[in-house]
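Visitor: Top to bottom, those sequences are chains U and Y.
With the UniProt record's numbering, you'll find the first sequence wraps up at 437, consecutive numbering, no jumps.
With the UniProt record's numbering, you'll find the second sequence wraps up at 334, consecutive numbering, no jumps.
Keep in mind that the hints were calculated from the coordinates and are not lab data.
These numbers come from a predicted model, not from an experiment.
Be careful, since some hints might not be right.
[As the list claims (entries may be wrong)] Here are the simulated DSS-like pairs of lysine-lysine, each with C-alpha atoms no more than 27 Å apart in a straight line: (1) Y:K105 <-> Y:K330; (2) U:K432 <-> Y:K105; (3) U:K300 <-> Y:K105; (4) Y:K141 <-> U:K224; (5) U:K426 <-> Y:K330; (6) U:K224 <-> Y:K309; (7) Y:K236 <-> Y:K141; (8) Y:K188 <-> Y:K309; (9) U:K300 <-> U:K135; (10) Y:K309 <-> Y:K236; (11) Y:K309 <-> U:K135.
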Amino acid sequence: MNNQNLHRREAADTTTGTFPIRELIMLTVVVAAVGAVFLFMGPAYSTRMMVEASCYAILALGLTIQWGYAGQFNAGVMGFVALGGFSAMTFTVPVNEAFWDSDLPGQLGVALLWIVAAVVVVIGASRLDRIGVPKRLRTLITVILGIVLYMVAISHFRGVADQIEDQVEFIGGLGLPVWVGWIVGGALAGGIGYFIGNICLGLRSDYLAIATLGIAEIIKAFLKNADWLTRGTATVSPLPWPVPGPAELGFTLARASYLAITAVMILVFFLLLQRAYNAPWGRMIRAIRDNEVSSAAMGKDINHRRLQIFVLGCILMGIGGAALGSFNSIFDPQGFLPLNHTFLVLVMVILGGPGNNFGTILGAVAVYIIWVMSEPLALYVMDLAANFGHSSLGWDIPRNLESRALQARVLVIGLLITIVLRVAPKGLLPEKVRHHN
Amino acid sequence: MNELVFFINNVVIAGSVTGSIYAIGAVGITLVFSIMRFAHFAHADMMTFGAFMVLLLTTLFPQAGQAIGVPTAIVMLPLAIVLTALLAVIIDRTFYRPLRAHGVKPIVMVIASLGVTLILQGLIRLFAGTGGQSLYVDDRKEIFRLALPIEGVRMPVVITEPQLYLFALTILAVIGLHFFLSRTRLGKAMRAMSDNPDLARASGINTNMIVAVTWMLVGGLAAIAGTLLAMDVTFKPDLSFHILLPIFAAAIVGGVGQPFGAIAGGFVVGFAETLAVFNWSVLLRPFRDNLPTWLELPGNLAFVGTEYKIVVPFFILVAILVWRPTGIFKGKVI
Chain U
1 MNNQNLHRRE
11 AADTTTGTFP
21 IRELIMLTVV
31 VAAVGAVFLF
41 MGPAYSTRMM
51 VEASCYAILA
61 LGLTIQWGYA
71 GQFNAGVMGF
81 VALGGFSAMT
91 FTVPVNEAFW
101 DSDLPGQLGV
111 ALLWIVAAVV
121 VVIGASRLDR
131 IGVPKRLRTL
141 ITVILGIVLY
151 MVAISHFRGV
161 ADQIEDQVEF
171 IGGLGLPVWV
181 GWIVGGALAG
191 GIGYFIGNIC
201 LGLRSDYLAI
211 ATLGIAEIIK
221 AFLKNADWLT
231 RGTATVSPLP
241 WPVPGPAELG
251 FTLARASYLA
261 ITAVMILVFF
271 LLLQRAYNAP
281 WGRMIRAIRD
291 NEVSSAAMGK
301 DINHRRLQIF
311 VLGCILMGIG
321 GAALGSFNSI
331 FDPQGFLPLN
341 HTFLVLVMVI
351 LGGPGNNFGT
361 ILGAVAVYII
371 WVMSEPLALY
381 VMDLAANFGH
391 SSLGWDIPRN
401 LESRALQARV
411 LVIGLLITIV
421 LRVAPKGLLP
431 EKVRHHN
Chain Y
1 MNELVFFINN
11 VVIAGSVTGS
21 IYAIGAVGIT
31 LVFSIMRFAH
41 FAHADMMTFG
51 AFMVLLLTTL
61 FPQAGQAIGV
71 PTAIVMLPLA
81 IVLTALLAVI
91 IDRTFYRPLR
101 AHGVKPIVMV
111 IASLGVTLIL
121 QGLIRLFAGT
131 GGQSLYVDDR
141 KEIFRLALPI
151 EGVRMPVVIT
161 EPQLYLFALT
171 ILAVIGLHFF
181 LSRTRLGKAM
191 RAMSDNPDLA
201 RASGINTNMI
211 VAVTWMLVGG
221 LAAIAGTLLA
231 MDVTFKPDLS
241 FHILLPIFAA
251 AIVGGVGQPF
261 GAIAGGFVVG
271 FAETLAVFNW
281 SVLLRPFRDN
291 LPTWLELPGN
301 LAFVGTEYKI
311 VVPFFILVAI
321 LVWRPTGIFK
331 GKVI
């Protein structure tokens, strides 16, 4: 017993005994940067930036457990963010009385029932071989039935959707408390993650990247074009906040109280994830990441565990996306961009340190500050270059300088990704692997 | 019969056009997959880069094509192919080779290629702006209307000049690729390396050179696909995210690592897309009088609206991953 304890203490000493100098330096830098923003841009602006950064930190935590804990690469964070935003919108926006007073809810219900019935019939047809129908005939029947019923159900549904758009614009919200929307957002994202993960996680990780990239674009296309559900490009605003809004408290105080909520969420997620990381469960996940074959030999159900962690990451992204959507107070499907919502989060994670939760949160705040500040900076540099070119070289200044300057950020994010992969592949705060002798 | 012409215009021709572009794109993806063994996300942006080079050269010398009677963009294409091939090799040297030398996992290469995607996109947007531009700077896009010699047909079959070039170049590229891979030493060495890199190295194949040649081939094909796509519609700097999914789906449907499978997969995906957005109600309209009265023909019988086009390659991808992950032509299972 004594001996064992001694061993444990030794092991602990060799790993945690070193002074966390890197963490302290990075923390100081980030705090100094936040302070500088407060100093130069005023409290209202900087509290807004901090709330957004904290929402991004939740997204980054979701990605860090997928990529850092388990080595799964999700290239479609944007899709899960959009789902979270959609859920936050649809559950919290006031009820559209015009829709519920008309006979449209009944029609919509019937159309949805048609779809459910069609699905049931097709699934039933695909089981026909159980009662002695030859397999080829079964496949033929299933395919034909599927096509015909799909056509019938979808044209019925299109009719109802068009009527909704004509008469009441969209079905409106449910008027529920904000936290319901956030939780459902996480659940929705987790459900989609389950679907994708089930298909792709048994294959090589490249397929997951391709599929998540695709599903993100599909979710965006759906939210953009399903006008009956989301008003599409007409956008929905304002979304209610979980705290009193700026109208009652003023910008700074309202944003600060919003920040308190997101900060508590981050703290809870961080503590839970940290616990999970050090628990046997976390060790198992890392074992699967580092050596699949041997952990399979130890009797671990690899695909099941992978699915578990992928869905968990997606749920976090959904919640983060919902928080971000509520804060922006406008639901605009066109505002979801791969650059802002996928690659920015990716940079936060690989720069901060994949698998290191503390590093990821710091990375999220740091990268978000750089991202926000890069806009005026890029404009300034472009302006300088253009003026120089104009005065000394006689160039014509392009008209759309502002939009072009913003394109420079695409370049910067791309460069950051490749440079970090080359120079610091483990991030600024690398994952600490404990060795138990 | 007008309905049939409508079908030819909207499915046969449109499907062949998208199919050809996806096919040439997917060949590049599958080549990188088989030699370097990672999903190269920057391929669509290499296509855009090739098209951008053509646009640049065409704007510089808008008159060049008129001397020999072809669009200037076609005259500039060989130069763009060379430039894009060069770019591909440079990208490999600066971004991928150090990582490869480090022995990183393939998924890290995928992330690096996403970084390269953003770099290329940023550069192109910085110089070209964000709007669409036509590759026909000084030329006129010829449109051929072929009237069918059948009684009662009023609609002509419509085909445009860039589409004819597209078909011709696709056939040329496929034949050229076939002879390169099956008859030349380099092509055979490439296939050997795709099958087993260690064995290829042990038999004295210079793998570094094979990698460089692959990138040149990939860059050249990307330039062809991008230019033809941009000639058919317009040049847009942000087309890559919309074309990535179809070409990956095509490469996987054809079987990863099978160049000819990728061509077949490209046409499968291209035709599936056009068939899915085609309004089948048009074809049923002539039989309207013979249909039973209880069956009311809706005006729109398309499987998905045009705005959901991207769903089609995704579902093809999902279906193939569920039922046959190796693809039609038995590619590598990875």
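Visitor: It remains to establish, for every hint, whether it holds in the given structure.
Guide: Here's how the hints hold up against the structure:
Under the criterion of a C-alpha separation no larger than 27 Å, the hint pairing K105 (chain Y) with K330 (chain Y) is consistent with the structure, at around 24 Å. For the suggested pair K432 (chain U) and K105 (chain Y), the alpha carbons sit about 20 Å apart, so the restraint of at most 27 Å is met. With a CA separation close to 22 Å, the supplied pair K300 (chain U) and K105 (chain Y) stays within the 27 Å bound. Pair hint K141 (chain Y) plus K224 (chain U) does not hold up; C-alpha atoms about 33 Å apart against a cutoff of 27 Å.
Of the pairs offered as hints, the one joining K426 (chain U) and K330 (chain Y) is violated, with about 36 Å between alpha carbons and a cut-off of 27 Å exceeded. In summary, the hint linking K224 (chain U) to K309 (chain Y) is supported, as the alpha carbons are separated by about 13 Å, within the 27 Å threshold. Restraint check for K236 (chain Y) and K141 (chain Y): satisfied, since their Cα atoms lie roughly 18 Å apart, inside the 27 Å limit. With a C-alpha separation of about 38 Å, the suggested pair K188 (chain Y) and K309 (chain Y) falls outside the 27 Å cut-off, and the hint is violated.
Restraint check for K300 (chain U) and K135 (chain U): the C-alpha separation of about 35 Å exceeds 27 Å, so the hint is violated. Pair hint K309 (chain Y) plus K236 (chain Y) holds up; C-alpha atoms about 18 Å apart against a cutoff of 27 Å. A distance of roughly 31 Å separates the Cα atoms of K309 (chain Y) and K135 (chain U); the hinted pair therefore is violated under the 27 Å criterion.
Of the hints listed earlier, those the structure fails to meet are numbers 4, 5, 8, 9, 11, in rising order.
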